[in-house]
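Participant: The residues making up each chain are set out below.
2 protein chains.
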Amino acid sequence: MGPGPINADPRVLRAMSAQLVGQYDPWMTDTMNEVMDLYRQVFVTDNVHTMVVDGTSRAGIEAALVSLLEPGDRVLVPIFGRFGHLLAEICRRAGAEVHTIETEWGRVFTEEALEAAISDVSPKVVAIVHGDTSTTVAQPLEGLGDLCEKHGALLYTDATATLGGNEFRVDEWGIDVATSGLQKCLGGPSGSAPVTFSERAAAVIEGRKSIEEGIRDVGDPVSAHPIRSNYLDMAQIFDYWSERRLNHHTEATTMLFGARECARILLQEGLAESWTRHQLHGRAMLDGTTALGLEPFGELAYKMTNIVGVKIPDGVNADAVRGAMLEDFGIEIGTSFGPLHGKIWRIGTMGYNARTDAVLQTLASLETVLRRAGHRAPAGAGVDAAYEVYGASA
Amino acid sequence: MGPGPINADPRVLRAMSAQLVGQYDPWMTDTMNEVMDLYRQVFVTDNVHTMVVDGTSRAGIEAALVSLLEPGDRVLVPIFGRFGHLLAEICRRAGAEVHTIETEWGRVFTEEALEAAISDVSPKVVAIVHGDTSTTVAQPLEGLGDLCEKHGALLYTDATATLGGNEFRVDEWGIDVATSGLQKCLGGPSGSAPVTFSERAAAVIEGRKSIEEGIRDVGDPVSAHPIRSNYLDMAQIFDYWSERRLNHHTEATTMLFGARECARILLQEGLAESWTRHQLHGRAMLDGTTALGLEPFGELAYKMTNIVGVKIPDGVNADAVRGAMLEDFGIEIGTSFGPLHGKIWRIGTMGYNARTDAVLQTLASLETVLRRAGHRAPAGAGVDAAYEVYGASA
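Chains as they are written, first to last, in UniProt numbering: chain Z, 1 to 394; chain D, 1 to 394.
No lab work stands behind these hints, which were simulated from the structure alone.
Fair warning: there could be bad hints in the mix.
[To be verified] Which stretches of chain Z does chain D cover? Using the computed rule of at least three CB atoms under 8 Å from a CB of chain D, they are: (1) 15-26; (2) 212-222; (3) 265-279.
[Unchecked claim] Some residues of chain D that are not near chain Z, with every Cβ distance over 12 Å (derived): (4) Glu104; (5) Arg244; (6) Ala318.
[Claimed, not checked] Covered stretches of chain D, going by a simulated chain Z footprint (3 or more residues, C-beta under 8 Å): (7) 8-17; (8) 180-193.
Note that the structure is predicted; figures quoted are calculated from it, not measured.
Built from N, CA and C at the ideal position, the CB exists for glycine as well.
Can you build the whole structure from these sequences, using the hints too?
Facilitator: So this is what it looks like as C-alpha cells:
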C-alpha cells in the first residue's frame, strides 16, 4: 500500500508466464499492434505513435525528452516535487537549456504562473509531471495544451503515477507527449513504459532520425546531430513498431504481455469506472486516516485519487511505525523525499490495491500500530470513516 | 530455433509469475544481492559491481559505454558483424572519438591486428563483441585483456549472444566490463541486462558521478560533465544496488525474478556443463545441416557453440523455406543482416532449445521443407548425422 510499485493484478502475472514468440513472428507483430491500439484507448488518443518503451517509467521519460530536445534547445520545467526535479535533470543531461519555476511541495501552479513562465522563456518544450507521487498532488492540465500551442511549445507530461486511476485525456487536453509505467494504477510490474506522441511531436523526432550503422540502407537518413541515445532513440523505436519493423532492440516479450494484460483489464473495467474506483478508495483512505487523527498533507483540491499523504504525528517514531506495518502486518507504506522525508507517510490505493479489503485492512492495522506507538485515536475510527465513504457510495 | 530470442525455460516463466515485493522491502534487497552474487558466478568474476540493468541487452551496452566514455574520448571498435557496428554507433552517440577496424563478416581478428590497432589509436576503451550472432563467429578474447592493460585501455565486451553457452571468463581474461541479456543462452526473455565492471572500470565511472536533482544531499557529487544519460547512468545504478540504496529507477521486479531464475538454472546445471551441452547440440546441428547439403558459413574454428550459419542453396526460395518452417512446422529460423541478408540462414541451439529433441525435430522438418522447395538430400541424412554426434558423445 505504498506509493508504488504495488501488488500486481494476478491476471497480469499469469499473462507474463506465457511462452515467448519470435520478434518477427506474425502473431508477435499482431500483438505489438494490439498493444498500440490498447494504449491509444488508455491514453484517450488517436496518436499513431503510441507504444511501449522497454524499460521502467524513467526510460520512457528519457526516451521522450532526449528524442525531442537537441543540445541548446530551451525547455521549461515547472517543478512541484521530486519528479519535476528529475525531468529537469534528464533535460540537462540531454544538453538542453533548462528553465525551471518551482512551487512549494504539496501545491500546484496557477494557469497564470504557467503562462507567464512560458511567455517569458519561449521554450521548445514544456515538461511537467501530471501527478507527482512525492507530494501526492496533481497539476491540472486542462488548458495547458492550448497555452503551449499558443506559444509554439510542445507539451510533455509524465503520467507515470496517474494513468489509469486519474482522469487523463491526451487529445482533449492537447498533450503532445505523455509517458507512463505499469507499476502504479495499471496494476503491473515496473519495466515497460507506455508512451504516446502527437503528429507534431513525432514530426520533430522524425526530423532528427538517423538509422544506425549495421542496418542502414542506401537512402536512409544519417544526421550529423543524431538523437544522443541509441537505446532510447524514439525515431528508431517508431520504425521498429511500424510496418517497416526496423531491427532495433529485441522487444521484451514478457513485459509486452504484461503491458497488454494491464490495458485489457483496465479497459474491460472501463476507464471512467477505474477513475471512479480510485477516487472512491482514495477518499476512503483519506477519511480513514483523518479519523485516526492524521493530518492530510498538500492541497486536497488537487489530491491525486490514488495516494494519500499524511503528516507524521509528533512524538511517534516514524520508522518504527513503518517497520511494524511491514514486518507484523505485511503492509508497506512509504515516506517521501527531500523536504518531506520523515515528515509525511504516503499510502497508496492504486491498481489492484484500490480495493475495499485492502483499504480496511490497512486502516485497522495502522490504528493498532499507531496505538502501540503512543498515538491514540478513537477505537475503530479509521475503519468506520472508510465504511462511511463506502456506504455513501453504495 | 532462430538466433534469439528463443523459447524461455518454463521454470523462468513460472518464476516471473511471482507476486511483486516493494523495492526497499528487506526481502527484495536481499534478492537483489542474491542476483549480484549469482551473476558473479555466471560471469566468473569477483567484481563487486555486478548487477542487472533494466532494459534489453542493448540497454546494458549503452549503459556501459555512455558511462565509461566522455565526449572526445578515444575508443577502438573492431567490427566483424552487425553488432560491432552497433557498438560504434552507440560510442558515436556518446560523443566519443570512434576508431574502427573491420574484417570480412564470418572471420575474426588476429591478435596482431588487434595489437597494431590498439597501439595506433591508444584508446581509452576497446569495445568488442564476443560472439556476433549476425555472422555466427566469436572473437577469441584470451590475451586481449593483457594487451589492453599494456596499452592503458579498458576492455569492454558484449557477451549478449555467448554468455552461458560459450566459455567466458571475465576475471581470467582481464575483461573490464561485460554486458549481456537473458534471451540467448540464458533461456529467458529479453528485458534485463546482466552487467559486470572491474574495480578499474568502476573507478572511472565513479569519478564521473553526479547525483540527480531531487534526491541530492549536501556533499553529494555534482559533475559539470555528468554521464549523458540519467536512466543508463551506471554511477547512480551502482548506488541503487549498494547498501546506500539510492533511489533511481524502480527495479523491474518481474524481470529481476526472471534474471535470478535464469542464473539459478544455469548454475544448477554447472557452467562448464552448459558450455559442453551447447557445444554438443551446436555440433549436431552443424553436422546435420551439412549432411542436408547445406554449406556452413564462416570460419568454423571460431564458430559460436549456439548458432549455425548455412549458405542458402541456389535456386531455393529462401523466404518460402523460412515461411513453411514457421507456418507448417512451428519452427523459426533466421536470416541475417547487411551483406548476409538473404544469403545465409541462422539456426540457433541455445538455452532451453539446446536439446536433442529440438535439434532432431528441426533437422527432420528442414529436410522436408527443403525437399518440397526443390533441394534434395539423402533421406534422413540430417537426423542421422545428428544422431552420430549424440552417439559419439554417449
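Participant: Now look at each hint and say whether the structure bears it out.
Facilitator: Hint-by-hint comparison with the structure:
For a cut-off of 8 Å, the count of residues in the stretch 15-26 of chain Z with a CB near a CB of chain D stands at 8, and the three-residue condition holds. Counting residues of the stretch 212-222 of chain Z whose beta-carbon sits less than 8 Å from any beta-carbon of chain D gives 4, enough to reach three: the coverage restraint holds. Only residues whose C-beta sits within less than 8 Å of a C-beta in chain D count toward coverage, and the stretch 265-279 of chain Z has 0 of them, not enough to reach three; the restraint is violated. The Cβ of Glu104(D) sits about 15 Å from the closest Cβ of chain Z, beyond the 12 Å cut-off, so the non-interface label holds.
For Arg244(D), the shortest C-beta to C-beta distance to chain Z comes to about 14 Å, beyond the 12 Å cut-off, and the non-interface label holds. With a closest Cβ-Cβ approach of about 14 Å to chain Z, Ala318(D) is found to remain outside the 12 Å limit, as its non-interface label requires. Only when three residues or more bring their CB closer than 8 Å to a CB of chain Z does the claim for the stretch 8-17 of chain D stand; here the count is 6, and the claim holds. A stretch counts as covered by a chain when three or more of its residues have a beta carbon under 8 Å from one of that chain; for the stretch 180-193 of chain D and chain Z the count is 5, and the coverage holds.
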